[in-house]
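Q: One line per chain: the protein sequences are E and Y, in this order.
For the first sequence, position 73 (counting from the first letter as 1) is numbered 73 according to my numbering, and the numbering increases by one without interruption.
Add 763 to a position in the second sequence, counting from 1, and you land on the number used in my numbering.
Since the hints were derived computationally from the structure, they do not count as laboratory data.
From a predicted model like this one, the values you see are computed outputs, not experimental measurements.
Careful, some of the hints might be misleading.
Think about it this way: if two alpha-carbon atoms lie no more than 27 Å apart in a straight line, the pair counts; the simulated DSSO-like pairs of lysine-lysine are [claimed, not checked]:
#, chain 1, residue 1, chain 2, residue 2
1, E, LYS398, E, LYS438
2, E, LYS683, E, LYS695
3, E, LYS677, E, LYS619
4, Y, LYS809, E, LYS683
5, Y, LYS979, E, LYS170
6, Y, LYS965, E, LYS722
7, Y, LYS911, E, LYS722
8, E, LYS683, E, LYS634
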Amino acid sequence: MGCGDSRHSDRSPHGLGRNVGRATGERISALVKRKASLVLDHDVVFDGSGNPNYSRGAFPWSGLGLGLALEEFLSAQRIPAWLRRNVLASPIHHFGWASLLLLIALAVAPTKDFFNEWRHYQRKYRKFISTRTDSTTLQHHFPGGIQQIWLPELSVVDRCTTCHVAVTEKSLQGAASGPEPFRTHPQVAHNVKDWGCVICHRGQGPATEVAEAHNATRAWEEPILPARYLEASCGQCHRAPLTGTPKLNLGRDLLGRYGCVHCHTIKLPDGSAVRPADDPPSLSHIADKTTREWIYAWLKNPYAYAVTTTMPDFKLTDSDARDISAFLIANSTPVAGNTLLLTPATTTKDLKEPDPTAGASLYGESFCASCHSVQNAAGNVVGGDVGPELTRVGNKAKPEWLRAWLRNPRLYNPETAMPHYRFSDTQVSLLTAYLGSKTDSDLLANVHLDAATPEQVANGKLLITTYGCASCHEIRGIKKPDNFAPELTRVGSKPLTEIVFLPGMKRSTPDYIATKIRQPRAFGPGLKMPQYTLAPAQIEALTIALLSFTERAHNLPMALTVPANSPSNYQPAGKAGELIADLACFSCHAINGRGGEMAPDLSWEGTAVQRSWLQAFLKNPGTLRPALIRRMPKFNLSDSEITQLTDYLMTVYQTPAFDRDSLSSSGYPPALVEQGKQLFYSKYDCQACHIIDTKADKGYIGPTLTQVGSRLNAAWIYHWLKNPQALQPGTSEPNRNMNDEDARALTAFLMTQRGSSKPEKKH
Amino acid sequence: MTRLWRIFLVASLLLGGAACTRKRELASTLKPTGFGAALVESSGGKQTGAIGTLLPQPLVVQVNDEQGAPVAGALVQFSGPAGVTFDPPNALTDSSGQLSTNVALASMAGRYQLTARTSTKSQKIVELKLEEIALGYQEQFGFQLNNKYCAGCHDPESTPQRVSNYENLEVKPHPFTEGDAFNKMSDDDLIAIISHGGPALKRSGLMPPYGYTLSKNEIEALVSYVRLVSDPPYAPGTVYTRK
């Protein structure tokens, strides 16, 4: 072609004139790509760029052109007449020529077979292994000919190993690996022979030509899945998070966190649906909480208020934002029973001479930052992501609402993840003043709204229906729309023919999904999907999660799928259950499969800890791990509440595996204690991660053990030492395969660690 | 000559022309307004990322003049082995003399040598070579396990999520990038020390055994991760460079 580096010209043949014929252009681009495949030798597989290769089965334009041209040439030279005169003079001549033609025609098939691409690669492979010292063994492993993996129950017929001959060749792994396509498959949990290739890599298994196997064709639309999206394939069967698929795990997390599934239904093969993990606030009582000006600014640009928000930008015009804010305020009703609390700060005593740093200290002491984040002067967001960002909360929340909320958030929103801190009136005032001071003078500076007209309110209601606001938010008088956006149950195998691509875009499903998430409104006028602010890595993760929802995932035998733990709706009973709900323990702690991951699982807390320790901890939570930033807050519980909670935890949350009181808490012989100490410091070197002696030990990986004898039960320590993972699956403490004698001695030693009388104040 | 002949000729010309225009479009149209004398790395070298995926941090380079002062408006072009993508592949430096690009490594696990180029006033090319590491499935798996079980002691750097225990240990563990320490050890040695703890190789008992906690598969994944990130590289000659 004379264009130098041909890899750059394989993008798309859109620039070709109509008279040339699309198929010709694409056939040529396919040829170019074939050449490129030899260049891309670092790829797991030849990335066909997703350009569909329609040359197969299309009208052979170039052949026709050549034929017509040849015909024209021959007739111009009067060659047929010459042929008739000289070559086809007699029947013998006729017979001779016909036989020759027949021979040639017969020779075509074997010749074509001989020049097959796979034979070319197998010859190359033979040449490659012949240079190696173990060539005889390798030769012995290599049968030659077309190879096939046939797995009828998975509907897999893969001939990929015909060219990728060394996929399972152990001696060619790593540095010894040959050039593509002879690389050995990296070690993964599944054996290639049991699963085939296309289940993970996609592409066309039965094909024996490079372009057909890897690219999209008219007959087969599934091209090879690029390596960056490969984790999507794991997600077809594995519904639970895997250690080896961090991007897929993140993507699934984001699908829930950003509430994509409020609008887009995603059904799983087992019949359940993907559930949202966010909690968009109800807007039915919004006038209690904030002003119309804030709603307007928020709708216009949510990120100006909070950079971490999951609320997207709907690109509303000024008048649209004006009308929606008008409707929301007009539609809002006061929260029943909350009115008493909504009175402004009454007692002047509360607000008199407040120490300006006292509010900030209270915010810190209450560990608000475990859940809420604040953007600091350097622009970094610091804090947890369970609750909303509070950088500019003073612009949003009305002081009287903030007071009521801090007193008891459950009155405004019974389902909130925020615990009901038992703050005193002074504390409420301090925190209200502190949070109220968190403002940004620019945020509402240019918002001036005239009183709303009835037309504006009516139009606002219409807009809310148009944009589907009620899909996420509860809004009084507006029904949650069903299937507001397209269902994404099988989006991972959406046919290319059903996708409208942007000009210049790579024609592949992954690229379409990623671009749609990045620029949702770019695909045409009148689209309603809002703009999210996502980092490139988040978009990639979301794309991977969406690509895992394939047709194949629904067709695989159910026995092969590895289901996720079904979400539990465990509810503790009685008064203690009410208390656990009021304190929102599940926001951080998991119990019996329900709850967050920020804090320890409490399912067997009653077996693990001693009653007196739990009581003291609930009264004044200290820290067990000085290195952690997130801590258990002090909820200012009353003595009766503490007793209630302690009784419940100690009685109900017990492991069935062993008896809590099977080992005594004291009275161990000094010799056994000394033996345990020896084991602790010399045989097991526990001081690498734990601290017993605050002066000598420095291990900060595990919890501090200075008071472990008054915190944990002896039986728990003993069984923990025997097998930590059995008591807390996933703990990073290694199983030491300890014998009974060592475990008993160490338990004796640890039970003598009762710490000093006053709790440590080292942090 | 006949009409068909002419159609054929025109068609071939069009075809060749169309294929060549793509090439011409790719040539950079950026006009540098400044020229530097040196190219230095600001951040983003020696990162690890999953194959085919964007590296966690962008690659930032800076163009300086002879005196070491940053140069704005200098044209920097990035290139790497086949399959590596840069966004943007070339651009002008900003007012602080810096240029940031997002890098996605190709789809084979290994070390990649990337090149940044800028030209001086006298059209001399200044090059900066950088190395990044792509983790394949197995190495990525090992990296996850490393984060959970090993990094607390073996990584001297603390992050807000994880305070390093490195400084607190009497016998300092080797960070996994220490190729001089790890490259001497065979795979079997590494598997033994992970499975049975430090004493298995007559080393510190502060390294506990993980053979009863991790599976064989997981331990092999950890070894493959350690092998890939070690510096100098464990297997010399496995760095992917531009052909």
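Q: With reference to the structure, classify each hint as holding or not holding.
A: Hints, verified against the model:
1. LYS398/E with LYS438/E: Holds, because 12 Å separates the two Cα atoms, which is no more than 27 Å.
2. LYS683/E with LYS695/E: Measuring from Cα to Cα gives roughly 21 Å; hence the hint holds.
3. LYS677/E with LYS619/E: violated, 32 Å
4. LYS809/Y with LYS683/E: violated, 38 Å
5. LYS979/Y with LYS170/E: holds, 17 Å
6. LYS965/Y with LYS722/E: Between LYS965/Y and LYS722/E the Cα gap is close to 25 Å, so the pair holds against 27 Å.
7. LYS911/Y with LYS722/E: holds, 21 Å
8. LYS683/E with LYS634/E: violated, 39 Å
Violation of the numbered hints given earlier is confined to hints 3, 4 and 8; the remaining hints are satisfied by the structure.
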